[in-house]
Amino acid sequence: VVGADCMPSWVPTMTDLRTRFRSIDDMAVPELWSEVVSRVDQPLEFARDREYSVRVGRSMQVARSGRRGRVAAILVTALALAVLVGASLFTAGRTRPAPEPRPSPTDPVPAVWPGPIRPALAPWPERPVPTDTAEDGGLRWVDDRDVAWSIIDITRVGTDNPQQRHWRIALDERPPRAIGLDPDRTLISYGLVFETTGDERGDYIVGINNDAPNGGFRVWVTDVATGMTEEQIGPPYGFPIEFSHPDERAPEDPPLGVPGEPTLVFTFLGDSAPPGLRTSRFYAWSSLALDGEVVAWDYAPDASWLRVGGSGESVP
Amino acid sequence: MDAALTLSDWSRSVEALYRQDSGRLWRAICTFAGDPEIASEAVADAYAQAIRRGPAVRDPRAWVWRAAFRIAAGQLKERRAGGGPIPEAARYSDRYEDADLHAALRQLPDAQRAAIILYYYADLPVREIALHLGSNSLAVRANLSRGRRRLHALLGTDHD
Numbered sequence: 001v002v003g004a005d006c007m008p009s010w011v012p013t014m015t016d017l018r019t020r021f022r023s024i025d026d027m028a029v030p031e032l033w034s035e036v037v038s039r040v041d042q043p044l045e046f047a048r049d050r051e052y053s054v055r056v057g058r059s060m061q062v063a064r065s066g067r068r069g070r071v072a073a074i075l076v077t078a079l080a081l082a083v084l085v086g087a088s089l090f091t092a093g094r095t096r097p098a099p100e101p102r103p104s105p106t107d108p109v110p111a112v113w114p115g116p117i118r119p120a121l122a123p124w125p126e127r128p129v130p131t132d133t134a135e136d137g138g139l140r141w142v143d144d145r146d147v148a149w150s151i152i153d154i155t156r157v158g159t160d161n162p163q164q165r166h167w168r169i170a171l172d173e174r175p176p177r178a179i180g181l182d183p184d185r186t187l188i189s190y191g192l193v194f195e196t197t198g199d200e201r202g203d204y205i206v207g208i209n210n211d212a213p214n215g216g217f218r219v220w221v222t223d224v225a226t227g228m229t230e231e232q233i234g235p236p237y238g239f240p241i242e243f244s245h246p247d248e249r250a251p252e253d254p255p256l257g258v259p260g261e262p263t264l265v266f267t268f269l270g271d272s273a274p275p276g277l278r279t280s281r282f283y284a285w286s287s288l289a290l291d292g293e294v295v296a297w298d299y300a301p302d303a304s305w306l307r308v309g310g311s312g313e314s315v316p
Numbered sequence: 317m318d319a320a321l322t323l324s325d326w327s328r329s330v331e332a333l334y335r336q337d338s339g340r341l342w343r344a345i346c347t348f349a350g351d352p353e354i355a356s357e358a359v360a361d362a363y364a365q366a367i368r369r370g371p372a373v374r375d376p377r378a379w380v381w382r383a384a385f386r387i388a389a390g391q392l393k394e395r396r397a398g399g400g401p402i403p404e405a406a407r408y409s410d411r412y413e414d415a416d417l418h419a420a421l422r423q424l425p426d427a428q429r430a431a432i433i434l435y436y437y438a439d440l441p442v443r444e445i446a447l448h449l450g451s452n453s454l455a456v457r458a459n460l461s462r463g464r465r466r467l468h469a470l471l472g473t474d475h476d
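Just so you know, the protein sequences line up as chains A and B, in that order. Quick note on numbering: my numbering labels position 151 of the first sequence as 151, and the sequence is numbered without any gaps. Every number in my numbering is 316 more than the matching position in the second sequence, counting from 1.
It cannot be assumed that every hint is accurate.
[Stated by the list, open to error] On the chain B side, residues computed to face chain A include the following (Cβ under 7 Å):
no., residue
1, W342
2, R343
3, T347
4, Y363
5, I367
6, R369
7, W379
8, E394
9, D414
10, Y437
11, A438
12, A446
13, A455
[To be verified] Below, in silico cross-link-like pairs of lysine to aspartate or glutamate (EDC-like), each with a Cα-Cα straight-line distance of 20 Å or less:
no., chain 1, residue 1, chain 2, residue 2
14, B, K393, A, E242
15, B, K393, B, D426
16, B, K393, A, E231
17, B, K393, B, E353
18, B, K393, A, E248
19, B, K393, A, D271
20, B, K393, A, E230
Keep in mind that the hints were calculated from the coordinates and are not lab data. Beta carbons: idealized from backbone N, C-alpha and C, even for Gly.
Isolated chain B, as found in the complex (with noise of 0.2 Å):
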């Protein structure tokens, strides 16, 4: 009984998570991986992944972001691997008011685009996106840094 209690604690818990939020890892993810299908899916498993997994999960958030990045960017491996669509911007361009940083972003490898993301998005400073995307301070600030020169001179704007 109490360990049913305190799963269906945890299970309250990962939905108070989810409604402050889920729409932001949403809205990452879909610009992460340019495919609102793609974010959908990543998300809805991040979550249940986290409710199955129980308590033992320390930082529920970090964890479910690190866990929708995760799956979003098997994904897109497997897409490519497979020849199969990777959609593009424009695609998409009706949901994007600015169109043209998402085109930019998408020419961005994988691991400089959630960099960017998590950094100018999410807002979350560089050891924080390190913890959420299992990766270490040292590879966020490169990636963060070659991403951010990549996309200023895709966006023709001056370099900070």
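For reference, chain A alone in the conformation it holds in the complex (with noise of 0.2 Å):
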């Protein structure tokens, strides 16, 4: 090492580290400037399928082969699905009553879709949560169902396990596969919201929703006071938040929570959740865009936070 015997004894393991490293400058680094702009060169829609196939981890030659003859299979299943969205959403539409979108009573009801934090009317009310590991998944929050579109009317709301902690939402009705859905038309968002300075002030929101390609989901943590948002657009997925959705989930697979309600659940791995997040206060959120305007939305609970802890049965 250059210049080792002139150094002092108290600095040789920090030297010594960084030295080690700097071994890497050796590396021969391939250019992939042309590969980066063949990625961002591509049409849209084309460009997301070749980044969804590249990031679930197929190489680059496997990426590229068969680029072209997948267009034609791609647009031609997406017409088919659409369609078969579509049907399936006035079907839908049809087997239910009074499927006029209208928000859920929030009091006083927004005229329009105030974002997941609610509007401030503190203090809210707290709610202990039991938190045992029970067969329901811990999901004692019981809610109204109060939204039009059962497809976002959250039915129960409660966390479990404090080790591992996990927040679960069910819902009213299994939403519609992603697959199906083109995002600029048909956006539905799930999450929950987190207040952990104690000014009855949502602090971290949580969200996933169908805005990603092929089926995939955006999943995101958004730290309101700075504004910075951690976000994953399709898989891989496990940050900044581990998620199961119904959508990944056979009929026939055992239920997350209450058997006949789809069940969402969230999860931190590791060390990556904000601190004191765990143990917070929150609720969970719903909404649902067509064409770009939300049209229906739901807060579980509407006017109260849910307290991690506490013993007891459902929570009223």
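Assembling the complex is the task here: the two chains are given apart, and the hints tell you how they should meet.
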């Protein structure tokens, strides 16, 4: 090591590690700019498809092969799925009375979608949520069926297991498969809002929606104070938050919560949860946007916080 | 037209960033993942996504590093979940002058390994590491401390 003889004895470890890490600079680096440009220059839907292929771990060669051949198949499949989903939404609308979109009865009812964070009517009362690991997955908050669009009508909310905490949101009806939805036309979002500072305002927003290519999901965590959002669009998932979506589960799979009520599950892997969030107050939210306009939403609870801990039966 | 010009300017600025910074990023990701293919995938994808997102990305360098580490970590996670092969450092020993260091790094958890690489190789301060990894300073300090202790134990060197 050049100059090592001149170094004082109290710096060798740091210097040694830094010196050893400099050997990394000897690694030959491939030229990737043409690959970058090829990914950017694809037509949007096509590029998204390729992006998905890469992200699920295929090699570049595999991702490149069959690229052109897949375009026609993708277009045909997308068209067929659009027809199917349109038909299913139409059918769902016919089977339910009064499908006119309306907000959940948050008091007072806002005229427009206020976003995941509810309008401030502090102080909200607290509702303790038992956190024992029960067969229902801790889904102890029972919410009113109060939204005309059942796919975003939250029926239960809960959390369990403090060692690896899961937050669960049960729905009145399973949402349509994301792969058949155009997120510019139909955007279905679910999430949680956490309050960590005691000021009655949400501090972190967790969300998931279908704004991703090829039936994937966009998941995000927003720090409200800084405005910074960590997100993952399409796989691989896990960070900033891990989840289970009803879309990923077959009808014959055992329910994650109450049978007949499709359930979303969120959890933070490792130490990725923001400080204090695992034990903070929270509520669940959902929204449905059609052609870019949010037409219905739900908060659960509408006007209180769920507090981790406590014991007992279902919360009224 | 203005929007197109803006996007073009943005693309050029990302290319300038690529020319300046991608070598260091690729080496860091390759050291993190132990696999040149994952490094190439993650780096190319991160820059491409940065271009697509446009000037809304406020700090493109930090954004690209964070995206590349996330993509690489996700691919490692998928390999583990799928029982796929995790690259052995020895397999790439011809690329690494200090094979012992890379073998030791492979034994650290992902979060500790990423923090160590960004601190000792990329020369970033703790606050910047938190920004680059989408973490917070407390978590980075904890990972640095634990990772450094483990690394010294594995390398048989003195702990500072």
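How the hints compare with the structure:
| no. | hint | in the structure |
| --- | --- | --- |
| 1 | W342 | holds (5 Å) |
| 2 | R343 | holds (5 Å) |
| 3 | T347 | holds (6 Å) |
| 4 | Y363 | holds (4 Å) |
| 5 | I367 | holds (5 Å) |
| 6 | R369 | violated (10 Å) |
| 7 | W379 | violated (11 Å) |
| 8 | E394 | holds (5 Å) |
| 9 | D414 | holds (4 Å) |
| 10 | Y437 | holds (4 Å) |
| 11 | A438 | violated (9 Å) |
| 12 | A446 | violated (11 Å) |
| 13 | A455 | holds (5 Å) |
| 14 | K393(B) to E242(A) | holds (12 Å) |
| 15 | K393(B) to D426(B) | holds (10 Å) |
| 16 | K393(B) to E231(A) | holds (17 Å) |
| 17 | K393(B) to E353(B) | holds (15 Å) |
| 18 | K393(B) to E248(A) | holds (18 Å) |
| 19 | K393(B) to D271(A) | holds (15 Å) |
| 20 | K393(B) to E230(A) | holds (18 Å) |
The structure does not agree with the numbered hints 6, 7, 11, 12 stated previously, though it agrees with the rest.
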